[in-house]
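Enquirer: Chains as they are written, first to last, in my numbering: chain H, 10 to 118; chain R, 53 to 277.
In short, the hints are calculated from the structure, not lab data.
Glycine residues also receive a C-beta, built at the ideal position from the N, C-alpha and C atoms.
Take these hints with a grain of salt, some might be off.
Unchecked claim - Per the computed footprint, the stretches of chain H lying under chain R, defined by three or more beta-carbons under 8 Å from a beta-carbon of chain R, are:
{"#": "1", "region": "53-62"}
{"#": "2", "region": "79-93"}
{"#": "3", "region": "97-107"}
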Amino acid sequence: MIAVVLHSNMSWWLVIGLSIGAYVFKVSGLVVIGARTLPVPLERCLILIPAALLAALVIKDTFSLGQELVVDARSAGLAVAVVAAWRKAPLIIVVVLAAGATALIRAAG
Amino acid sequence: MSRTPLSQMSAPVRSVVVSSLTLSGAVGVFGISFGVLAVSAGASVAQTCALSLFTFTGASQLSAMSVIATGGTAGAALGGALLLAARNGVYGLALAPFIKGPLRNRLFAAHFVIDETTAMTTAQSEPRLRKIAFWTTGIALFYLWNLGTFVGAIIGSGIDPQKYGLDVAFTAAFVAMLAPHLRSVKGRQAAALGALICLVLIPSAPIGVPILAAGLAVFIGLQRP
Numbered sequence: 010m011i012a013v014v015l016h017s018n019m020s021w022w023l024v025i026g027l028s029i030g031a032y033v034f035k036v037s038g039l040v041v042i043g044a045r046t047l048p049v050p051l052e053r054c055l056i057l058i059p060a061a062l063l064a065a066l067v068i069k070d071t072f073s074l075g076q077e078l079v080v081d082a083r084s085a086g087l088a089v090a091v092v093a094a095w096r097k098a099p100l101i102i103v104v105v106l107a108a109g110a111t112a113l114i115r116a117a118g
Numbered sequence: 053m054s055r056t057p058l059s060q061m062s063a064p065v066r067s068v069v070v071s072s073l074t075l076s077g078a079v080g081v082f083g084i085s086f087g088v089l090a091v092s093a094g095a096s097v098a099q100t101c102a103l104s105l106f107t108f109t110g111a112s113q114l115s116a117m118s119v120i121a122t123g124g125t126a127g128a129a130l131g132g133a134l135l136l137a138a139r140n141g142v143y144g145l146a147l148a149p150f151i152k153g154p155l156r157n158r159l160f161a162a163h164f165v166i167d168e169t170t171a172m173t174t175a176q177s178e179p180r181l182r183k184i185a186f187w188t189t190g191i192a193l194f195y196l197w198n199l200g201t202f203v204g205a206i207i208g209s210g211i212d213p214q215k216y217g218l219d220v221a222f223t224a225a226f227v228a229m230l231a232p233h234l235r236s237v238k239g240r241q242a243a244a245l246g247a248l249i250c251l252v253l254i255p256s257a258p259i260g261v262p263i264l265a266a267g268l269a270v271f272i273g274l275q276r277p
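Based on the sequences and whatever the hints tell you, model everything.
Expert: Written out as structure tokens, the structure reads:
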């Protein structure tokens, strides 16, 4: 069975924009700013970006279907992932366990 | 990179090389699921491989494809992914004292400034081991992440990601990447606030925008700890 994507906004512009943007950030830290220091409050904010965004991505990918809030098999996958990550399992194990749990629930339901 | 066989390396060097290669292997396997998911979100095999080759920062690639997969615009996907990529700038600052040499070398090294190389490099105590950790992790991980992406993109067009729970692979990866950031109080506050902003905005804001808006949570960093 092949998953059919009815409409996707994927474009080469996204690939190019993201590639240039990511490299600009990498170079500005390593080469442009280098050993000089940033204002402390700014640095404190930048360090929090992954925490804020990753948590939001988890919420979106688990509980949303378009603009609708839903609870389905993905919630079980999230629960398994949380326990595995909390037990400090490696990334790949967290992913495999969560995907497996979700697939099992879908197969059963 | 060193051409010495693994058995002839000194114990500390061998330990650094072995852990770099182990980490890269795991990331390579994860690259397969990125490839599968990117293709099922509507990216072509070429676009998927280009993302891993030229963007080369996993969380941003995943975030962009996750927004596209749920019907968000390219602009919203780009915004959230770029915000996530900004942390590579902070990593660059942390690595700058260890990556020396001519400008040309540093411009090349910059492409490899990501979560894994930063973690491996800063974990070493000696300058020589730091250099070995950076380059071994950077090159091996680049190679395996791209190989995994290619394999995943090729097989991805033939399988239904939902059947194998692969749509949850993104979520699980985000959870694993989030875990180390929850060790500090500020990290936990930013995560909780980001999640809340996203949850509240999902029913009303255009798809992808709740992720961008969650970025506002970082301003709690302005407050002194």
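Enquirer: For each hint, tell me whether it holds in the structure or not.
Expert: Comparing the hints with the structure gives:
1. 53-62: holds (count 10)
2. 79-93: holds (count 8)
3. 97-107: holds (count 9)
This entry satisfies every hint, going by the numbered hints stated previously.
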